[in-house]
Each structure stands twice: as C-alpha cells, then as structure tokens.
Amino acid sequence: MESTVLVCDNEEILRDLVRASLAGNGYRMVEARDGDESLEAARRLHPDLILLDMMMPGRTGIEVLGELRRDPELRAIPVIMLTARAQAGDREAAERAGADRFLAKPFSPLELATVVQELLDDER
Amino acid sequence: MSVRPLKEARLAEPDFRALFEGAPGLYLVLDPTLRILAASDAYLAATMTKREEILGRDLFDVFPDNPDDAGATGVSNSRASFARVLERRAADTMSVQRHDIRRPAEEDGAWEVRYWSPVNSPVLDERGHVTYIIHRVEDVTEFVRLKELGSEQEAVTTQLRDRTAQMEAEILSRSMELQEANKELRRQIAINEAVIESTLDGIALADPDGNPILMNATQQRMLSDLLDLPPSGTVAEYMQIMADRVTEPERYRRLAEEIAQNAEYEGVDGFELLGGRSYVRYTAPVRNADGDHIGRIFVTRETTAERAAERLKSELVATVSHELRTPLASIMGFAELLTEREYDEETRNRFLRTIRGESTRLTALVNDFLDLQRIESGAFTLSLEPFDLGEVVREVVQLFSAQSHDHELVVDLPDESTRALGDRDRIAQVVGNLLSNAIKYSPRGGSVVAKLEESGTALRVSVTDSGLGVPANQQSKLFTKFFRADSSDTREIGGTGLGLALCKEMVEAHSGRIGFTSVEGSGSTFWFELPVSTRARDGEKLRVLVVEDDPAAAALIEEYLAPADYAVEVTATGEGALLSVAEDAPALICLDMTLAGELDGWAVLARLKEDEATAAIPVVICTAGNGRSEAGALGAADFLSKPFSSGQLRATVARLLPDGRGSVLVVDDEESVRSLVIETLSEDGIELREAADGDEALAKVAARRPDAIVLDLILPTVDGFAVLDRLQSDPSTRSIPVVVLTARRLTPAERTTLKRGAVALLEKNDYSGDELRALVARALGQ
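Heads up: the protein sequence lines correspond to chains A and B, in order.
Residue numbers for the first sequence follow this note's numbering, so the first one is 1 and each next one is one higher.
Residue numbers for the second sequence follow this note's numbering, so the first one is 1 and each next one is one higher.
The set of hints was computed from the structure by calculation and includes no laboratory data.
Mixed in with the good hints, there may be bad ones.
Footprint (simulated), chain B over chain A, 3 or more residues, beta carbon under 8 Å [as the list claims (entries may be wrong)]:
no., stretch
1, 8-14
2, 72-79
3, 102-116
Not everything, but these chain B residues come out facing chain A in the computed CB check (under 10 Å) [as the list claims (entries may be wrong)]:
no., residue
4, L34
5, E310
6, L312
7, S314
8, T319
9, L324
10, L337
11, E340
12, T347
13, G357
14, H407
15, F644
A few chain A residues that don't get close to chain B, going by computed Cβ distances all over 12 Å [what the hints assert, rightly or not]:
no., residue
16, T4
17, G66
18, A97
Ideal placement from N, C-alpha and C gives every residue a C-beta, glycine not left out.
All chains should be modelled from the sequences, with the hints used to inform the complete structure.
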C-alpha cells in the first residue's frame, strides 16, 4: 500500500527539496505550511510519517509534536524533526518532545530518503 | 505566624510614674525646651529640692550657676550637651561637671559645692523627633572633695585617697571614652545605613523566628512594588506566598523548608517569577561577635535584564543560524540530488535555478548582515557629499520598474532642487529596500508611489503602497533584526528580515529619521528624512515675508537680510500679506504696524494668530511706534523699534529660524498633564507628539524616533521604568534623552537606576514650566 508522508515546512523551497528527495519511492506526499495546517492535516489524513520543521510560524514544530503525542489516535506516527536552528539543546528538545529522528539543515537528501524508508519499514 | 503571649497583656498596667519616681538613681525627665516634667525621689534628695517646686519649670531656672563662683561653667556645659542631644538625637555623656546647688531658703539658702557626672539621653517618637530628654546624674561630689582635701587632711588614709583618685579617674576616662565611642558609633551607623540604602541589591535581615529586623529600600521596593507583598510577616510566610508565584514552586518550597529547618543553611539560588522577572538570592546565618546565632540575612538581586540580554543573544545566534542554513540546505540538497540521481533536462534546469536563486539570497543575507554588523560596531564610514536626492529616487524607481511588471511605479518629485548631503550609494540602497518591500508586500500588484518633498528643514522620501499593510501588534517590532511581518498572506514572501533594520541604521547614520504608517489590509507608507545641509541648501531658501508700506524701509530690510540667504518677499498691505501667507506659508514674517490698505499691522497679527494654520509662524514686529507688550500679548515673537541695525534684525531672524527643530514625545496617562507639558513646550518651536501609555509610547518611538522624551513613571500597561529598560536595550533608542516627570517619591535605588539611564528628573511637586523647558532644551542639545 502507498505510504502517506506529511511534509511540514513554511519554506516552499525546502518542501520542494523534500519532495524531490523522496520522489520515486512511491509515497503519497502531502504538504503543510505552518503548525496549525500540520495538525489539521495529521488529524485528517493519519499519515504514515511526518516530517516536521522546528521553526514554523504560529505553532512551532515542538508544539505540534507535543499535540501529536498527546493524541491517542496520532501518537504512534513516526516523526522526523528537521531544523535549521541547530542550537545545542535543540536535539534534546526534539527528543524530549518525542521525535523519532532529528536532522539538521542542511541535510543530505539521500540520507533523508533512507531514514524515511527505515521508519516506514519499522512500522510494518 | 509567631504567637505572642496574650496573658501578659491582660495584667494591670503598672503605675509608671510611681516606678520612675522610686527608681534608685538620680533622674529628671525634660521636654525639648528643657522644662522639667518628672524627677526621681533620689534626684530631689540629692539636689535638696521638692517636686512641687521644680515641676514645669526650666531646668536652669531651678539650677542656675552659683553667682559667687565667677568661673562657673555648669549651665553652659549642660546647655551645650542638650543642644547636641537635640541635634544628633543620640545620648550625650558629659565629663564631670561642677554645678553648685543652693540649700533651701528655710535652711539658710547658701550655695553648696557639687560635682556631677551627667548623661543626657533622648526619647524619640516614630518619626525620630526628640520628645523627651532623660537627664541622669551621678553625684560624685564626695569623691572629688575627698581628692581635693586629700593633701590637706592627714586624717584621710592613703588607702582612701588612692581609691578616691582611682574612682574619679575612672569616671572621667570612662565618660570620655563613652563620648568618643558614641561619636564613632554614630559615624559608623551613618556610613552603614548609607551603603545599605543605596545598593541595588535587596538586603533583609530576619531574627531567628523569621521576623524582619532590617530591610533596605531596594528590598522594600521588591516586596511591595514588584511582588505586591506587605513588607511585614515572617520569612516562612513570605516564602509560602512566593512559592505560588515562581516558575519552579517545588524547588522553591524545598529551599524554604531547608531554610526553616536548618539554621546553618548558607547558599545561592535563582528563581523566576511567573511574570518573567528573575532573581538571584544569597542567604546565610548571621552571628554576633560572641558567635551567637542572631538571625539570617537575605541578599536578593534582580537579574531580569541580564537574563533577557542573554536570551536575546542566543535567540539572535539561533536566528542567524536558521537564516543561513535554510538557503544552504536547498543549495546543498539540490546539488546532491543533481550529482547522485538522473533527471531530465527540465528538472535539472529547475533545480539549478533554485540553487542560483538561493545562492543569491544567501549572498544578500550575508551582505546585509555584515553591513549591519559594521554599522553597529561603528566600523562603518559614510562618504558624505552633496548629491541630488531626486535623481537617486528616479534612478532606483527606474531600476525596479524594469523588474516588476505587476506594479505601477510612480515618481513624485518637487520642482525645486533636491540637493542633500550624504552617502549617495547608501541612500540609494535605503530607497531600494523601501521600494522592494513595497512591491513584495503588494502581492496583488497595484501602484507604488515614491515621493520626495520638503519637510521643514529636511528632505523627505516616502514610499506608499496599497498592499498588505502591517498588523498593528507587529508594528513596534518592524525595525528589529530578522523580524518579518507574519500573517497567512505574508508567509510566502521571502526576505532576510534585515532590510528595514539596515535602512534605519543608515538613515540614522545620516542624522536622519525613518518611520512608517500602516493599516493592515490597505497598505503602508515608509518614509525617511535627511537633514538638508547648509552647503546643499541653494535651491530651498527659507522664505521671509516683509509686510511694509514704505518702499525704502522694505528695501532696507531686504538688504539687511540678503547676506543671510533668505528668499525675501515684500508686500505693502495687510490684505496682500494674508493672501501670500494663505498661498504659501513663509518661515517668518516681518510686520510693520502702519500699512497701506484697510488692515493695519495689529489686525494682520491678530488674524494670523487666530488661524490655527498660521498661528505658529513667528512674527517680528518692525515699527517706529510703541506697543511692545501689546504685541507680545497678541503673540508676536519679537519687537524691533525702528531704527534697528542689520545685526539686530539678522540675530532676531536667525534665533527664530533654527536650523532643525527637535521632536519631543510626551508620555503621560493623565490628559491634563500632557496638555500642560505641551502648552509649556509649544512656544519653543518643538514638534510635540503624545502617548497615553507605555505601549503607545514604544510604538510611537518605533514609528519615528523622537529627539527627546518626557516620561511619566506610573503608566498603564508598560510602566515608565519598563519603557526606559526597553529604550536602553535597543541600541537605536538608547541615546534618546529622557526627562522623567513623576509625581511619585522615588527611593534612592530608583534614583540610581534612573541615573544609569542618562535621564533628567523632574518631580511634579517641584514642577515649573521654566525648569521643564530648560531640561528639554538641554535634552535636545540646545
């Protein structure tokens, strides 16, 4: 079955990059541009994996992740946290909030594709 | 809460007078005028007086100097001692005094030699005023006499003589030591109090039961103003209330417990209030010289500002990292995809275009960021030269017209010359940034108008769009680095968030001003003003209107003003003058009182001052007649009696036409105070703006930087101290001089805080118009 991947980032070019990175793997890709859209899409679509940018307008990635982990329906969805802040403590904050993986921007598209596939395989 | 035994209080109150009178010592109670209010029985016996004879009488009336003793000093020494008590409000120990007393008249009324060792101590009321003086004496006559007689009377044994001498010496030296010690102690206490009161750390000392013994001004302010706690109550009570107000109540409670249980606890801890203020506190047991535990000291320092600065710094680092890494992620990511995977030509080109676009963005970001850093660190020099600002505006608009087809770009330039003094390239960069923003934030197209106009003694460039506008709650942050207006409409709009911050720095480096007005949904006008240099002033002379019916006199005034380079216009009638003013307001009017037409000078002056639009134009009366005070009452700026010299006229005109008027922001929640301040300052040619609370003040400062601020301390929303903090924390507002106008009594700590902020202080109780004008003039550097 085709896996649904939700890509949450306010930067259009970054969403393009993620789409290009994961292209050809047969995922269904859905995009969200801020924290509220991300939550709304997650609730509506129950994606198989979520890529979450840490610094988004409105609700931050950490806040969105907190909401997801509190929701019994959504808490099992694997989440990869992406951030360009890359400050000491960001990785810890992401892990504390319950992220499965943490990738700092700039990231390698090939590595991202591998990580996504690994997490989806674990799910099965 | 410490429970006080109530049983004692229920006992019958003892008869204090009887107790005092029966006390085994020689005591008098005096009022501050040295009237005798009470005396002990022992005192009456020693002085051979009766109570009813001395009560209510002056001390020295009862005990005058012995008239037979020409060298008597008893009265004068005692007076001096009482004067010291009244002045210092502290006990005064006198050396041994000879003060003879008189036997009662019914005996023989003769004088008897007496020596006394007196101590005078004050009794103070709540406010520290002396209400009573207790005069205690010891009768040392016997010892002194024994010593004096010692050499004559062989009957006195050596032993007794020695003992006498020793005792007297002891008494003398003890009293002298006491006096010295008292003086030193008073000095030390005064120094300690001054140090404790002036420190910015809160200092509190509690007894072993936790009752406060001492609190300095800063500590009291922390408790009452900041924490809204009464400055009484025990340490345990205080900490219990505090625990509910801090961000980490559990940790705070554990510490409170530790302090309550462990008298030996010593340590430093930090805590933060839910409102955001943070503190560091040191506490330790306090012992006296004998090592007894007498209480606990708390020293508390507010660290809110330091914490905020730290947070701001790390937030800035995180933001810079984010801004640099985001385009870098696209560049490296798409480059990796291109090298690692196969794509068709169209996709390859799309990726390459993205890489190029993001590289450009990264370059712009790095350039802007480095520019800002250079300006902020002062390592930035402007190459100033006269240039045509109109030409710059036209060129920049042309450049953008070629790039943007969805927008209609309009240039609106005045006919006059628009020469300014400045760094042409930097100003072009500012105009470019404003235009680029106007286009970016009008995603649905529309017109963008770049207008150049004169504004007083400055040239003003404004860029108006009919785009998205800036939400009101984001307006005050607009010139902050990396701040980008955020709403669902603006999310897709790119930018470094540095453009406006950079514009502001550059305009201010030119001694100019920058600001904006914006309404969300209907567009914005961003503007900046550059002061016109005297060198570059040729095209826009200040206009002086001369109203004079005598052509010779008019020609003379024209000639007088010629070297000063004003554009002089002459009219012979009052009607002509009013017409000319209505057409184009001059910078100044020279007005004769006798004129050719229907209207005379008085009528013209009255009309000008009646009309709001012309009331501010300074009018100099130039007349052969009288009426100086009448002219002043009507609002004339000055009065010159003919004949006057060219120097007189030029000095008057120059004084009334300053090169740059200052702009002052008046911040006070009381409408009446604002109008008073504005009325006081309005005569001085200052541009005045108002704000009724701290938020409004900060928003107005952000919209356009004033040259000075008159600030009340007690304000709704953000108070005056917070406004000062915010002004201080922003490098671009730090140097704005502030005149603090307050009705509140300030603590020494608050005064110190205010002084650090380089402000002048005027208390409303001491308010005078002249004082305020002087302070504001100084603040404006005039």
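Do the hints match the structure? See the list:
Evaluation of the coverage hint for the stretch 8-14 of chain A: fulfilled, as 5 residues show C-beta separations to chain B shorter than 8 Å, against a requirement of three. Counting residues of the stretch 72-79 of chain A whose C-beta lies closer than 8 Å to any C-beta of chain B gives 0; at least three are required, and the coverage claim is violated. Under the rule that three or more residues need a Cβ within less than 8 Å of chain B, the assignment of the stretch 102-116 of chain A holds, with 7 such residues. Interface hint at B:L34: violated, since its Cβ lies 74 Å from the closest Cβ of chain A, which is beyond the 10 Å cut-off.
For B:E310, the suggested interface contact is broken, since its CB lies about 13 Å from the closest CB of chain A, more than 10 Å. The interface hint given for B:L312 is broken, as the beta carbon of that residue sits about 14 Å from the closest beta carbon of chain A, more than 10 Å. The restraint placing B:S314 at the interface with chain A holds, with a minimum CB-CB distance near 7 Å, inside the 10 Å limit. Interface restraint check: B:T319 against chain A, minimum CB-CB distance 8 Å, threshold 10 Å, status holds.
The interface hint given for B:L324 is met, as the beta carbon of that residue sits about 8 Å from the closest beta carbon of chain A, less than 10 Å. Contact between B:L337 and chain A, as hinted, is supported at the beta carbon level, the nearest pair being about 5 Å apart and thus within 10 Å. Evaluation of the B:E340 hint against chain A yields a held restraint, the C-beta minimum of about 6 Å falling below 10 Å. Because the closest C-beta pair between B:T347 and chain A is about 8 Å apart, less than 10 Å, the hint holds.
Given the 10 Å rule on beta carbons, the hint for B:G357 holds: about 8 Å separates it from the nearest Cβ of chain A. Checking B:H407 against chain A by beta carbon gives a least distance of about 22 Å; that is not within 10 Å, so the hint is violated. Violation of the interface hint for B:F644 is found here, the shortest Cβ-Cβ separation to chain A being roughly 67 Å, above the 10 Å cut-off. Remark: the non-interface label on A:T4 is consistent with the geometry, its nearest Cβ contact in chain B lying 22 Å away (cut-off 12 Å).
Consistency note on A:G66: stated as away from chain B, and its beta-carbon is indeed over 12 Å from all of that chain's, at 18 Å minimum. The Cβ of A:A97 lies farther than 12 Å from every Cβ of chain B, with a closest approach of about 17 Å, so its non-interface assignment holds.
Checked against the numbered hints above, the structure breaks hints 2, 4, 5, 6, 14, 15 and satisfies the rest.
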